[in-house]
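Given the structure of chain A, go ahead and fit chains B and C onto it with the hints provided.
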Amino acid sequence: MFLRNCWYVAGWSHHFPEDAPVARTMLGEPIVLYRKPDGAVVALEDRCCHRLAPLSKGRREGDDLRCMYHGLKFAPSGQCVEIPGQSIVPPHARVRAYPVVEQDRWVWVWMGESALADPALIPAALGHGDPGWWMQTGHLAYEANFQLINDNLLDLAHLSYVHENTLGRNSMSWANSKPQVSRIERGLRISRWVVNNPAPKYLDQPQGMMTDMWTSYDYMAAGVFLLRTRSYAAGAAAASGMQAPTAEPLWTTLTSQAVTPIDERHTVYYYSGCLDKGFASEEQSKAQFVIFERAFAEDKAMIEAQQQVIWGTPEPRMLGTSSDHALNQFRRLMAELIDAEQLPAKAEAAE
Amino acid sequence: MFLRNCWYVAGWSHHFPEDAPVARTMLGEPIVLYRKPDGAVVALEDRCCHRLAPLSKGRREGDDLRCMYHGLKFAPSGQCVEIPGQSIVPPHARVRAYPVVEQDRWVWVWMGESALADPALIPAALGHGDPGWWMQTGHLAYEANFQLINDNLLDLAHLSYVHENTLGRNSMSWANSKPQVSRIERGLRISRWVVNNPAPKYLDQPQGMMTDMWTSYDYMAAGVFLLRTRSYAAGAAAASGMQAPTAEPLWTTLTSQAVTPIDERHTVYYYSGCLDKGFASEEQSKAQFVIFERAFAEDKAMIEAQQQVIWGTPEPRMLGTSSDHALNQFRRLMAELIDAEQLPAKAEAAE
Amino acid sequence: MFLRNCWYVAGWSHHFPEDAPVARTMLGEPIVLYRKPDGAVVALEDRCCHRLAPLSKGRREGDDLRCMYHGLKFAPSGQCVEIPGQSIVPPHARVRAYPVVEQDRWVWVWMGESALADPALIPAALGHGDPGWWMQTGHLAYEANFQLINDNLLDLAHLSYVHENTLGRNSMSWANSKPQVSRIERGLRISRWVVNNPAPKYLDQPQGMMTDMWTSYDYMAAGVFLLRTRSYAAGAAAASGMQAPTAEPLWTTLTSQAVTPIDERHTVYYYSGCLDKGFASEEQSKAQFVIFERAFAEDKAMIEAQQQVIWGTPEPRMLGTSSDHALNQFRRLMAELIDAEQLPAKAEAAE
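Protein chains in written order, with this note's numbering: chain A, 1 to 351; chain B, 352 to 702; chain C, 703 to 1053.
Just chain A, same shape as in the assembly (with noise of 0.2 Å):
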């Protein structure tokens, strides 16, 4: 079950090239992306409603995409143009076409009634082609659902145990310190001080220097996450009273990054890392996403396997604990949504 009237990120701008047409699966839907002359890109079903062959092996001809097929011609709207060998197009040969906004150096589809498409409802990725940003980009194929991802983003205690050698710099601070969190439009703001952990290695601070950082994160619906690290020296906690800090950090990081349902059993998984260019070189901005890139494959591994063991249980029940917290409001904001949707469908099949 998905969210449909939502904007999801169908890649960096950098995956979709002038003249080709890129394949895509959003939510069990094949969809082709390709841009137009004037460089917006166009999303259309993937599936030539002639004879269903993909549109993706097709060839852009000015706005429009022709079917390399048997020939039909589509107009950016889904609109077909024209069918050779034949002189009139009825207006029932069309393919679906989704709203498309490209911000943030991502493509995003709206998957759901193109009349509900609001760019507003976008959420704004950090730093993104900020000149004053380092950033490096990414992105990691799953085969696991997407909600074992969100849950994953949502439960950062993990950091100790998955990541202990590449973001959890062997400490406790993670699974020790206790989030708060809150309900915001359509996401959760998660925030807390993560106390007294070793400075990363790929800095230039002082050996054994020990830090106190304010983490605070929104996860928007459908699984958006928005992280913005700020690092102090070690007692800014106590300092603040544990709470948000007000004074300038050491250095800020941030990362955004965006779960794409491919379908039920798959998933795709786009991650920016962006470091301060007053603070570090373009180096320590690689370095440390090398080490992101590390942790980003020990949290696939587990995933997989976890979702390996879901799927291979017949009746899967997962016991609570106190870590669940966020994840479970995620879970419940999820499913608010879905039924919103629906609702006006339940209400037509009822009449």
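Worth flagging that the hints you see were computed from the coordinates, not collected in a lab. Here a beta-carbon is modelled for each residue, glycine too, at the ideal position from N, C-alpha and C. You may find that some hints are simply not true.
Computed footprint of chain B on chain A, listed as stretches where at least three residues anywhere in the stretch have a Cβ under 8 Å from a Cβ of chain B [to be verified]:
(1) 49 to 57
(2) 67 to 73
(3) 76 to 88
A short, non-exhaustive set of chain C residues, derived as facing chain B with CB atoms under 8 Å [claimed, not checked]:
(4) Asn878
(5) Gln882
(6) Thr1023
For chains B and C alone, coordinates are given in the frame of chain A:
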């Protein structure tokens, strides 16, 4: 759903060597084929009646085939003639035997009721083994239902798109020409002029030479394609009033192709290419076949992609266009033949 | 359908190192095995009760095993003894623990009701770890149901066909000899003279030497094969009146083999080969084992092919022959044992 009372190509003659049984799955049934010492091919159910081991892992002994799991031996009739350690062989110890005819370098197997296996129903391949023609042969395995391959071969408009750089020769002549379609016994005859088409580069024709081609093929149940192409200097089509030509062509090309279902999701495609020895050299025949095989790989890529889309679509619906005329007629013809062969079974069930 | 109240081999002792948990699927259940500091092997459900991550990706800490997703720690009893970030551990936070016995270089796991796990039910492997015998070990994974492997081992007539070039030594003696079959506690005893059989080439016997072999094995639920083969000069069988021999053999060979279901479609096969140190050298023992492993690869090829045919047959039916006697008896024995262990459950359901 398959047409059972029909001859299907099980392979090229050279696929069946003298001393090694060969396994095939046809219409979902496991079949073992082997040559007797006199060269005749035998086709048996590839499943020992004892413990269901495949006889294709067995050993030919004289005219018979021995299962190499526990040693049961079967005659070409399918009757078990020896059970090691047991003096009596019960008459019901047998496997199914299939009628086989080797003709035109193809081994044909009758998949229906043996009593109805009439060799006269085998479509006559064009030029196979005829000393006046160069002959090249090949085959391809598809992950697709056989109907999609039949559809492809019944609408050659796709040559202008799928094969624009190979058989289509960058010309719209295939997409723009309309074939005449007529019903023949167990098939369709499909003919047309393809006009003002560049001569193929592998022949010694003057550069830039344009031709008119009279292309005519019979498409026979359950999927045999028999095409003769006669090439003339451009203008011949108009001169003949767009009717079948009576003049001698500059040259003629033949191709015979057979589509054999492995099961509902897999198919084998066998094909030849023949070129007149009086007109072309062996090198030219081979050069032509290189183009053929490039084109068949293009078909395979498109059809398998189309098949994946269809399998991924809950209720696939196709929009008819005028170029679907022949393939729709052939689908109806196949449905009639399948219905007809199931009438006796249905009548029996109704009693 | 599996027999649950039974010991199954989970692997060779050397498969379980000191500091790395090992994952196994047995009878469809995910199991993690690890050694405590005292060397004892623990077997737990390989599925954390929190979010179902596999404990086999965890870390041994003392006698316990910690899940490396969110840090829950489990004792050898299966009881969770720590939940990070939470002071109370509820008693129902636990995973299943399986009885384990390490014996004869095999690690045995009891897959049924723990209270019934009687180590006396473990079949005694032949020669394992006995300093008087050379011992070689191996294992193979099958894509096949375990029953087909049991069937294979219960009808050694196949040695004359499947193994004609390895164990069968190009002789029909296995196919032509009839075993005596008797029922023993939880198994069958199967004995026979195999007469006039060439001596194996890897032993220093005179060229062309023929032997009579008294081969006797116990086949124990759910799939343990314990074979002792005594070789004599040809004529010994007749001299003994075809009864069990009392004289000292020229040499003796032992092999113990265990068939463990992974699930309904996959199986692991563990096997040893032992040769008398008083008779043969270590090189000869290794040379014998090369033949064994060649033969077991022959079995695997045949059985996996047979399994594919069976899976592809809608209603597979087998024709009985006289050589199926023992395997049919063993299938009945297994059905009785499975029925018996399900009686209490059925009685409960009926109340």
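Status of each hint after checking the structure:
no.	hint	result
1	49 to 57	holds (count 7)
2	67 to 73	holds (count 6)
3	76 to 88	holds (count 4)
4	Asn878	7 Å, holds
5	Gln882	14 Å, violated
6	Thr1023	5 Å, holds
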